[in-house]
Amino acid sequence: MIDVNKIRADFPILSRKVNGQDLVYFDNAATSQTPNQVIEVIVDYYSRLNSNIHRGVHKLSQEATDAYETARIKIQKHFNAAEPYEIILTAGTTESINLIASGYTKFLNPKDELMISAMEHHSNIVPWQMLCEKTGAHLKVIPMKLDGTLNMEAFDKLLNSKTKLVFVNHVSNALGTVNPIKEIINKAHGYEALVLIDGAQACPHIKPDLQALDVDFYVTSAHKLCGPTGVGMLYGKAELLKELPPYQGGGEMIATVTFEKTTYADLPHKFEAGTPNISGGIAFGAALDYMNSIGFDTIAKYENELLTYCTDALKKIDGIKIYGEAPDKTAVISFNVGEIHPYDLGSILDQLGIAVRTGHHCAQPVMDFFEIPGTVRASFSFYNTFEEIDRFIAGIQKALLMLR
Amino acid sequence: MNSIEAIQDEIVEEFSLFEDWMQRYEYMIELGKSLPLIDQAYKTENYIIKGCQSKVWVHATLENEQLKLTADSDAIITKGIIAILIRVYSNQSPKAILNANTDFIDKIGLKEHLSPTRANGLVSMIKQIKMYAVAFQTQLN
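Protein sequences appear in the order of chains A and B. Going by this note's numbering, the first residue of the first sequence is number 2, and it counts up by one from there. Going by this note's numbering, the first residue of the second sequence is number 783, and it counts up by one from there.
Hint data in this document are derived by calculation from the structure and do not stem from the laboratory. Treat the hints with care, since some could be wrong.
Here are the simulated lysine-lysine pairs, DSS-like style, with alpha carbons at most 27 angstroms apart [claimed, not checked]: (1) A:K163 <-> A:K243; (2) A:K243 <-> A:K135; (3) A:K399 <-> B:K893; (4) B:K912 <-> B:K815; (5) B:K815 <-> A:K399; (6) B:K837 <-> A:K322; (7) A:K18 <-> B:K893; (8) A:K18 <-> A:K112; (9) A:K18 <-> B:K889; (10) B:K850 <-> B:K825; (11) A:K322 <-> B:K815; (12) A:K399 <-> B:K837; (13) A:K18 <-> A:K107; (14) B:K815 <-> B:K825.
Please read these numbers as outputs of a predicted model, since none were measured by experiment.
So that you can see chain A by itself, here it is in the shape it has in the complex (with noise of 0.2 angstroms):
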């Protein structure tokens, strides 16, 4: 059982007034909030550690860089990945995603295919098309179908021996479709083909279990689970990030330097070039902390039950319909009323103080998979209440009083 009273007094915005009223924040797919938890530990690295790390001599930087580590460790250990090394601290999902798309550059030739899905965020489409653009290699898209899912039947016809590399979200940031990712790594994997998951919007629901996944590069954000923005992580297996070249050159990513030749550091620090966001880091460990103190199954039971109970008070609303209903999805609600604008809709509720995200989503091909400009989308965490969606649906119903 949740503890909801307690759980908000961690998150100091969520005392805040936004136009005069009390917030109630459902844009938590875009970003989650942060708890004190969190914040402290951010102000206790400017307080007491700040400091460069993994090259001081002094105790202030012996102190940061174990408190570093000790993150590093905790974001392995919480993902499950077999190696502290095998976890790359990056500014966040895109960044891992280009990372990866820049070291597969030197690999790929004009007969090989990528493959990524229909529902996938533009940092999940963008550097795929670049990264063919450069190699000639062909970018194939598993379609998906009206209820938000994908469609396996055509992925199976898809892959092919020329499959070198799958790129598929975990969740769906635009529809909330969980993707069934354990069998699209397994079918890849009987053709050679590697596994990138995008894992950005999973995570503050699922904890998933890389080794068992057996998924071969797995990225998220920290700023999605209660951390701070601009850190991330980019999980892959060893042997595939040996054999990658590194993706920036700088500081920290070397082992020796001259003027003729430049050898690399090892893993991690091979792609962790200059001095990183350690604060973040750190805070990002903190973040995992934080989030497995309340434990991830009883956020997702928590979680379900106030989609249920939004789902079903949306639906009485005359003309609305929502897109993504699959049987399996995060607490994620994509949903137009009438021929109501979506930002007409959002504007509205931002009046009474109600935030949630309108537009495309950073993910265009599924507005026009669905023929639609845009959506509203009101996306749940943990410590939103079902007094605050009673609130949403007395906005939408004032709103469309207003807009109709």
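Following the hints, position chain B against chain A.
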């Protein structure tokens, strides 16, 4: 016809009469609903203004040395904003449009109450109207 400044002052005055932003939004929605429709011929990619989350089309002609603006949007609040801009800038000479300042938008507090994307869209709309004014001013010279 009143000067741009006089119309801007009128709008600032009208907006100050409302008690809160919900009422101002209701007003903009009503304005949006009453906006005369743009000719379908101008609702094409050529007349779309970039930078808006909703679609906005603006078309201008020059009649009796004055700019005549028509516009439309697929979002009703955006249409309300367009209606305000048309009231300010339509039926004015290109020169008057180019000389007019835009601080009435700050005075009614519109920008702070629009999301960043919508505020950008507003700036793009004014820029587009001024571009039309530049083009027609060149014709007149």
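Against the structure, the hints:
1. A:K163 <-> A:K243: 23 angstroms, holds
2. A:K243 <-> A:K135: Roughly 22 angstroms between the alpha carbons, so the hint for K243 (chain A) and K135 (chain A) holds.
3. A:K399 <-> B:K893: 23 angstroms, holds
4. B:K912 <-> B:K815: The hint holds at about 25 angstroms.
5. B:K815 <-> A:K399: 17 angstroms, holds
6. B:K837 <-> A:K322: Within the cut-off at roughly 21 angstroms; holds.
7. A:K18 <-> B:K893: Status holds; Cα separation ~19 angstroms.
8. A:K18 <-> A:K112: Violated. K18 (chain A) to K112 (chain A) sits at ~57 angstroms, over the 27 angstroms cutoff.
9. A:K18 <-> B:K889: OK: K18 (chain A) and K889 (chain B) at ~23 angstroms, within 27 angstroms.
10. B:K850 <-> B:K825: 16 angstroms, holds
11. A:K322 <-> B:K815: Holds, at about 24 angstroms.
12. A:K399 <-> B:K837: 24 angstroms, holds
13. A:K18 <-> A:K107: With Cα atoms ~52 angstroms apart, K18 (chain A) and K107 (chain A) exceed 27 angstroms; violated.
14. B:K815 <-> B:K825: 17 angstroms, holds
The structure does not agree with the numbered hints 8 and 13 stated previously, though it agrees with the rest.
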